[in-house]
Amino acid sequence: MTHYALQGLGAPTIHPAVLRRFKSYGKTSPAALFSNGEQGAWYDPSDFSTMFQDSAGTTPVTAVEQPVGLIRDKSGRGNHASQSTSAARPTLRARYNLLTYSGLTGAAAGTPGTAPTSWPLVTSTGTIDSASASDGAGGNILAVSASVGRHIFGQTTPTMSASTVYNATMRLEATSGLQFSQLTTCINLPAGATAEPIINGTVVAGTAVPVAGDTIGHKITISTTAGTASFRFGVGCSSNSTGSASFSRMELRAVNDGVGLPVYQRIAAATDYDTAGFPPYLAFDGTDDSLATSAIDFSATDEMTVVAGVRKLSDAAQGAIAELTASIAANNGSFLLAAPDGATATYGWDSKGTTQIDAVASSQTAPITGVVTGTADISGDTAIIRVNGTQADSDTSDQGTGNYSNAALYIGSRNSASLRFNGRLYGLIIRGKTTDATQLAQVENWMNTKTRAF
Amino acid sequence: MSDLFRTLIIPAEHVELARSIAAAFGPGGVGMWTTGLSADGKEPATHYISSGYIPAEFVSLAPCTTYKVDENGNTVVDTHFAGSPETVAQYGKQLGFEVPLKAIQAVFNAADASDQEPFAAMARAGLKIVQADIEKI
Numbered sequence: 001m002t003h004y005a006l007q008g009l010g011a012p013t014i015h016p017a018v019l020r021r022f023k024s025y026g027k028t029s030p031a032a033l034f035s036n037g038e039q040g041a042w043y044d045p046s047d048f049s050t051m052f053q054d055s056a057g058t059t060p061v062t063a064v065e066q067p068v069g070l071i072r073d074k075s076g077r078g079n080h081a082s083q084s085t086s087a088a089r090p091t092l093r094a095r096y097n098l099l100t101y102s103g104l105t106g107a108a109a110g111t112p113g114t115a116p117t118s119w120p121l122v123t124s125t126g127t128i129d130s131a132s133a134s135d136g137a138g139g140n141i142l143a144v145s146a147s148v149g150r151h152i153f154g155q156t157t158p159t160m161s162a163s164t165v166y167n168a169t170m171r172l173e174a175t176s177g178l179q180f181s182q183l184t185t186c187i188n189l190p191a192g193a194t195a196e197p198i199i200n201g202t203v204v205a206g207t208a209v210p211v212a213g214d215t216i217g218h219k220i221t222i223s224t225t226a227g228t229a230s231f232r233f234g235v236g237c238s239s240n241s242t243g244s245a246s247f248s249r250m251e252l253r254a255v256n257d258g259v260g261l262p263v264y265q266r267i268a269a270a271t272d273y274d275t276a277g278f279p280p281y282l283a284f285d286g287t288d289d290s291l292a293t294s295a296i297d298f299s300a301t302d303e304m305t306v307v308a309g310v311r312k313l314s315d316a317a318q319g320a321i322a323e324l325t326a327s328i329a330a331n332n333g334s335f336l337l338a339a340p341d342g343a344t345a346t347y348g349w350d351s352k353g354t355t356q357i358d359a360v361a362s363s364q365t366a367p368i369t370g371v372v373t374g375t376a377d378i379s380g381d382t383a384i385i386r387v388n389g390t391q392a393d394s395d396t397s398d399q400g401t402g403n404y405s406n407a408a409l410y411i412g413s414r415n416s417a418s419l420r421f422n423g424r425l426y427g428l429i430i431r432g433k434t435t436d437a438t439q440l441a442q443v444e445n446w447m448n449t450k451t452r453a454f
Numbered sequence: 455m456s457d458l459f460r461t462l463i464i465p466a467e468h469v470e471l472a473r474s475i476a477a478a479f480g481p482g483g484v485g486m487w488t489t490g491l492s493a494d495g496k497e498p499a500t501h502y503i504s505s506g507y508i509p510a511e512f513v514s515l516a517p518c519t520t521y522k523v524d525e526n527g528n529t530v531v532d533t534h535f536a537g538s539p540e541t542v543a544q545y546g547k548q549l550g551f552e553v554p555l556k557a558i559q560a561v562f563n564a565a566d567a568s569d570q571e572p573f574a575a576m577a578r579a580g581l582k583i584v585q586a587d588i589e590k591i
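Chains as they are written, first to last, in this note's numbering: chain W, 1 to 454; chain S, 455 to 591.
Think of the hints as simulated: they come from the structure by calculation, not from any bench. Do not rely on the hints blindly, as some may be mistaken.
Computed spacing ranges between beta-carbons, pair by pair [said to hold, decoys possible]:
hint, chain 1, residue 1, chain 2, residue 2, range
1, S, Pro498, W, Ala31, 25 to 31 angstroms
2, S, Ala557, W, Thr396, 54 to 60 angstroms
3, S, Gly550, W, Ser29, 49 to 55 angstroms
Please read all numbers here as calculations on a predicted model, not as lab measurements. For each residue, glycine too, the CB sits at the ideal point set by N, CA and C.
Extracted from the complex, chain S is given alone in its bound form (with noise of 0.2 angstroms):
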């Protein structure tokens, strides 16, 4: 099964476990979750995003809303998976990355994520990019 294409916010204080979550699942999870998201771009950062293709057996676990435009513009739900803790916890105890199934469903209930493009996500949960400020000449 091909890669699918997912936009993944995770809350700040959430960001650490699901970062392990993720790097549990294989070398491609490694380093997720670096650019910081804040209402008003400016540090701190509130949350954390990535966006792009991520391996389908990790997709087939992480939950996902699936969002369509309606005919007067407005973005509206069209489906919502509410991912399978339960077999990230297993997973991770055969792994030997145990975290309590409590832990796992936090994230996942605290995670915003979708098929959306990146700048649409945030726009809808009312994100920017914290932009670090740059020393120009």
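The shape of chain W in the complex, shown without the other chains (with noise of 0.2 angstroms):
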């Protein structure tokens, strides 16, 4: 705006209904979706208000890797979701770096002295100079030192799936010029797999050397065969070294697991990590988690949205997102959203007056996250599947005759007894009406500040 005024042409002008959409592009609230009493729901695993690990509602969800038990509908309408059974019940997590006991903690200097907990000594012919609490992050640094020896810790990574890239990293706090590949490897990998250096990001020849302040690690490529790996670092790590390194930080995430995190996750305990940045997420282990509702009634509607936000961890067997009625198969006024769609790479979208119709997003290999829509039109013979904002496949096929159904919501399986999901749900709108191009631009903006999928 100084820009032109300084050119004597004055402020622009923007019509204030721009400047308002403008303003909201993300953050406009689902809310807006049900102001014109819209039958659905909203459930919204970041907001802890809304979740107790209990189906009555009497025990509040406080903390992450805490079962859901009752996630409550934030639409108005108060169809809230629950899961009677312990067991089945999906947990809370805001889970991103793979490692456990990141921070380096519980070591002690000495020769060979007192490796991290969950990082023991592979090779001790060094020392450990110091262990100090300032890496900045509630953990250690870690300063390591040899002479014409090796003094390596080593950790087996979880299990990485198949066909997909991880990063495995530490911050480099000191050196004393050794190269990359003295300092960490990475090996045992799976059948196919690769492991190549980086630094800040950039794969690098092993015989690279790194300075201080540098975050070096491998660009770890599992091909068709998931599996472990040892991920080790120290002196020595190659052959016998002399020289000393600190380290701090370590990390294993998948690269596609969401976009603009915080690079790095401490990771104290399996219960005990950072959460600030990292958005939490219901996880349906794909065996026995489901949330239901009581029946809601969308009989008055032949009109459907569905905004999803997920990653899939498994294109293994067709998993249900969600799914009205207790099989789209077998019930008339039914829709199923659904990851993966069949064994397949696939979002699927299905619904159904009298007559089942698919559309199908293909493409989509796990583990992968995405901001899932289905809109749907009985009457109008349309259902549509967008992911990240774009459509990506339609069904203009006849739906046959009626409106939705007047019964459950099925969360994370069919009828809480098959498809079962095999993944995370950052949040998810059900929305008896189809909804407008630029809404629901705003409301797929807004669960993907939920997701960070795109």
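Relying on the hints, combine the two individually framed chains into one complex.
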């Protein structure tokens, strides 16, 4: 604006409606979707006040790694979702770094010294010079040295998924000038996998010499075989060496797991980790977890909008993110949002008046994060699936007649019995109405602030 | 005490009794072991799985094996707790749910109870989820 004014052109005029829309981009509350009495539901796992560990709603969820037996509907319609069976409750989680004890705690100086918790010494002909609590993130900086020797620590990674790229990294706090390959290795990889040296995210040669302050590690590309690897660091990782180095902030994360998240997540223990900046989600285990509502009366509408923030962890078998009625195959007036839509790299959106139709988003290989939207109009014979704000497929076949059902909504399964969803749910909005393009984009962007998919 | 995470795999021949025992411990135990498993992922189910957070009082009585991954990437047993079938039998008697101790012992002996994530436990046991044939349009 100043630029225009300086040229004597005055301030540009922006229509107030456009300005409101611009300001609300990605911030519009989904509550607006229900302001005219629309039937539906809105579940928001980032809002701890809506969740309880038990299905009766007596024990609040107060932290991550707690079961969620009840999540309250924020639409104002009272369509709360619950699970009475303890073991079948999803878990509230915000875990992104797959390593444990990432802060190198529990170590003590000495020769060989005490190795950090969960990082045993693999070879110990050197010294831990110090283990000070000063990495700036609640963990230690571990200083190691060797003289024509090797002092190496290692952790076997959790299972890494097939066809996925991970970064296994650490911060190099100080160094005497050792080559990369003497500071860290990643070995015992699954069949077909590769590990390339990286410094500050760039692939380098093993002979590269990182400097203090660099983030060093390995870009691990898992092929078709999932599995673990041995992630090691210290002095003399490839052969006897003389020198010293200091390390902190161990991290292992899938590179496609969230956009714009903090680069390091401190994991003190399985239930004790940093959550600031890491979007929370309901973790559905793919075996028995699910939630369900009482009957939701959609019988006055033949239009539907479903928006879900998800991370699909497997393509091995069809999984239900949300399904209205016990089974769309058996019941008229149903919908099903699926991840995947079969044993395929897909998302699926099925709608049915009296005839079921199916829109499929392909090339969605798990593990993958997305804001997945399904819209449908039974009498209008449309079913559209969108991924990350872009239409991926549509089906305009005849859906038959009638409205949607007055029936239970199942989340994470079909009828709490099959089609178990293996993945994360960052949020879910169900609205018994189609949604115009502008409002849909706003809601998808809002959901993306919870999901960090794009 | 907080709920604790467990994965419990029960052979099909013991699942009815296991369901009854779990249900006796309260409403949160109703509805367990509904997901069938078999070696090839096809019917009939030879085992059933439940995985998630379960009440601490049940955890303290049920068997559990903990596993760890060694430096070579092999999954090895870390600790093993056989459970307390005697206490379960006594508790059942108090609730009017009388089950012979031998039957409870048989369930506990046959159970694959661990702190592993469900797919890790299934892989270790050589089992897959039984997938119903989905009729796609």
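Evaluated hints:
1. For Pro498(S) and Ala31(W), the hinted distance range of 25 to 31 angstroms is not satisfied, since their beta carbons lie about 48 angstroms from each other.
2. The hinted range of 54 to 60 angstroms is satisfied by Ala557(S) and Thr396(W), whose Cβ atoms lie roughly 58 angstroms apart.
3. For the pair Gly550(S) and Ser29(W), the supplied restraint of 49 to 55 angstroms holds, since their beta-carbon distance comes to about 51 angstroms.
When the structure is compared with the earlier hints, a violation turns up for hint 1 alone.
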